[in-house]
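Visitor: The chain contents come next:
There are 2 protein chains.
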Amino acid sequence: MSFADAVNEPAAAPSQRTRVRRVAQRAHYDAATLHAILDEAYVCHVAFSDEHGVHCIPTACWREDDHLYIHGSNGSRMLRLAAEGAQVCVIVTHLDGLVLARSAFNHSMNYRSAVIYGVFETVEEAHKAAVLDTFMEHIAPGRRHEVRAGNRKELAATTVMRIALAESVTKIRTGGPKDDEEDMDRAVWAGVLPLTLAPLPPVADSATPQRDAPAYVAAWANRAQGDETAG
Amino acid sequence: MSFADAVNEPAAAPSQRTRVRRVAQRAHYDAATLHAILDEAYVCHVAFSDEHGVHCIPTACWREDDHLYIHGSNGSRMLRLAAEGAQVCVIVTHLDGLVLARSAFNHSMNYRSAVIYGVFETVEEAHKAAVLDTFMEHIAPGRRHEVRAGNRKELAATTVMRIALAESVTKIRTGGPKDDEEDMDRAVWAGVLPLTLAPLPPVADSATPQRDAPAYVAAWANRAQGDETAG
Chain S
-16 MSFADAVNEP AAAPSQRTRV RRVAQRAHYD AATLHAILDE AYVCHVAFSD EHGVHCIPTA
44 CWREDDHLYI HGSNGSRMLR LAAEGAQVCV IVTHLDGLVL ARSAFNHSMN YRSAVIYGVF
104 ETVEEAHKAA VLDTFMEHIA PGRRHEVRAG NRKELAATTV MRIALAESVT KIRTGGPKDD
164 EEDMDRAVWA GVLPLTLAPL PPVADSATPQ RDAPAYVAAW ANRAQGDETA G
Chain Y
-16 MSFADAVNEP AAAPSQRTRV RRVAQRAHYD AATLHAILDE AYVCHVAFSD EHGVHCIPTA
44 CWREDDHLYI HGSNGSRMLR LAAEGAQVCV IVTHLDGLVL ARSAFNHSMN YRSAVIYGVF
104 ETVEEAHKAA VLDTFMEHIA PGRRHEVRAG NRKELAATTV MRIALAESVT KIRTGGPKDD
164 EEDMDRAVWA GVLPLTLAPL PPVADSATPQ RDAPAYVAAW ANRAQGDETA G
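Going down the list, the protein sequences come from chains S and Y.
The first sequence begins at -16 in this note's numbering and counts up one residue at a time.
The second sequence begins at -16 in this note's numbering and counts up one residue at a time.
It is possible that part of the hints are untrue.
[Unchecked claim] Label-pair distances were calculated between CB atoms; the ranges are:
| id | chain 1 | residue 1 | chain 2 | residue 2 | range |
| --- | --- | --- | --- | --- | --- |
| 1 | S | E67 | Y | G58 | 52 to 60 Å |
| 2 | Y | R2 | S | E67 | 19 to 27 Å |
| 3 | S | H110 | Y | G58 | 28 to 36 Å |
| 4 | Y | A15 | S | S189 | 23 to 31 Å |
| 5 | S | H110 | Y | R4 | 51 to 59 Å |
| 6 | S | A109 | Y | A14 | 44 to 52 Å |
| 7 | S | D168 | Y | R63 | 35 to 43 Å |
| 8 | S | L138 | Y | P124 | 46 to 54 Å |
[As the list claims (entries may be wrong)] Residues from chain Y that face chain S, not an exhaustive set, calculated with beta carbons under 10 Å:
| id | residue |
| --- | --- |
| 9 | E107 |
| 10 | F118 |
| 11 | V171 |
In short, the hints are calculated from the structure, not lab data.
The structure displayed is predicted, hence computed values, not measured ones.
Cβ coordinates follow ideal geometry from the N, Cα and C atoms, glycine included.
Let the sequences and hints guide you as you build the complete structure.
Guide: Structure follows, in C-alpha cells:
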C-alpha cells in the first residue's frame, strides 16, 4: 500500500459503519464524489430487514441537494417499512471494467459505489408533485411539460421518500492492474476491459402514430449511435 | 392487470419471502430465467445484517450449476459473517431501459433482477482453485492458462463461498409503456430509451510492452467497436 493509503482513511468517516476497512485507500467521504456517483444512477438498491430476514430491492432514485429520493406504490412493503422508521442501507454501484492482471490473484474490477445508511422520511403531500417533477427532469429534461401530469388519485397512491446523505461513503477503484514485481515480465496481456451503462437507440411505442422525438430522445439516439466514436 | 397476472403468481414461489406481491405478473421462478440473469452479471449485491444494522456490498459473482459463488479476502467482514451462517439476500439487477409513458404516473423502467435468499457455505480448500478457475473462464475464457496461477499463500488468503439457488425469484419488466386509454392520443413521444452494460475498447497496461491481445480481448474490442451497428 502506498503512503496515500495511510493518510486517506479514518479521519473523515462520518460513523463507524461507514469507515471502510478493506482497501481503505479507495474510500472517499466528500460530497462532490458522492453526488457524482448518485447523479449518474437511475437505480439504487435498498437493503432492509423485517421479521423474515434481510431484503434488498432495486428501485429508481434521484438526488436533490443533500437527499436521495425514491418513490413507489403505497402498497410497497419496502416503503411501508421505511415509513415505520426501518434502518436501511442504500447502495449505488457503477461497474466500470474488468481488471486483468498478470497473476490470477491480482485480478480486480473497476467500480464506483456509494453507500448511505440511515432512515427514510416521507415527503409531505404538498411537496410530492414538485419532487416527482425533479425526478422527471433527471430522466428526461423538459418532459414534465409534455406528459399528462399526475392527478390527485395517482399522487395519493404514490409514496415519495428521501434519505439524508449525512452517513455515507463512496468507494472507487480506477486504473490498471497492480501486479507483483515478479510477475511483470510474464508474457500475458494485462490491462482493463472497460464497461459502461450505455444507451441503445430509442424504441418508439407503436401503439399510436410516431410523434416527433423531443430533444432528450434525439440526444439519447445520438449518444447511442455515437458509441462508435469511442472505438 | 391482465388475466396472466392472476395465473402466474403464487404457485411456484419457493418460499414466502420469494413470493412477489407487487406487480406479480413480472415474477418468474424457473431455473432457465434465473441462470440467464445470473450468467450475464459480473457483480451481485449481498445484503446482510450485524449488530450495527443492515449492510449491502457489491461483489464479483459467478454461477456454476445450482450455486452462485463469491470470493474475497479472509479479512472481509461480509465473508466472515457469511461463514458464521448469516442469513443473506443476494441480488443481481440489469437495468434495460427507461420507459417513457404518456402520463407521468405510468413511467417505468425495464429491468431483469434475481434475488436469492439463504446462507452461504464455504468452499473447501481442496476445491478452491478449480472454482476460481471457473470464475476466470467466465470473465476471460482461456486466460487461466496464461496468468500466473494462485500460489499457496494467495489461495490461503482467499475465501470462496457459494449459495444455493433454491430460494430465489426473478422479476422482469420488458416492452413499451402501459398507458391509460384516455392518454393514448396525447401528442407526446412514448417509448423506451434502452440501456445496456456495454464494453468499451480494451486499455492495455502501459507498465510493460504491449502483448498480443488474446481472443477474449480481441472479442471485447470487436464488441466495443461494433456498438455502432446497433445504431
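Visitor: Are the hints correct? Go through all of them and say.
Guide: Hint by hint, here is what the structure shows:
1. S/E67 with Y/G58: 52 to 60 Å: Given range 52 to 60 Å: violated, Cβ gap about 35 Å.
2. Y/R2 with S/E67: 19 to 27 Å: 21 Å, holds
3. S/H110 with Y/G58: 28 to 36 Å: At roughly 44 Å between Cβ atoms, Y/G58 and S/H110 fall outside 28 to 36 Å, so the hint is violated.
4. Y/A15 with S/S189: 23 to 31 Å: 28 Å, holds
5. S/H110 with Y/R4: 51 to 59 Å: 28 Å, violated
6. S/A109 with Y/A14: 44 to 52 Å: 48 Å, holds
7. S/D168 with Y/R63: 35 to 43 Å: Holds - the Cβ-Cβ distance for S/D168 and Y/R63, about 36 Å, lies within 35 to 43 Å.
8. S/L138 with Y/P124: 46 to 54 Å: 51 Å, holds
9. E107: Since chain S brings no Cβ nearer than about 19 Å to Y/E107, farther than 10 Å, the hint is violated.
10. F118: Y/F118 check passes; min Cβ-Cβ to chain S is 9 Å, inside 10 Å.
11. V171: 4 Å, holds
Violation of the numbered hints given earlier is confined to hints 1, 3, 5 and 9; the remaining hints are satisfied by the structure.
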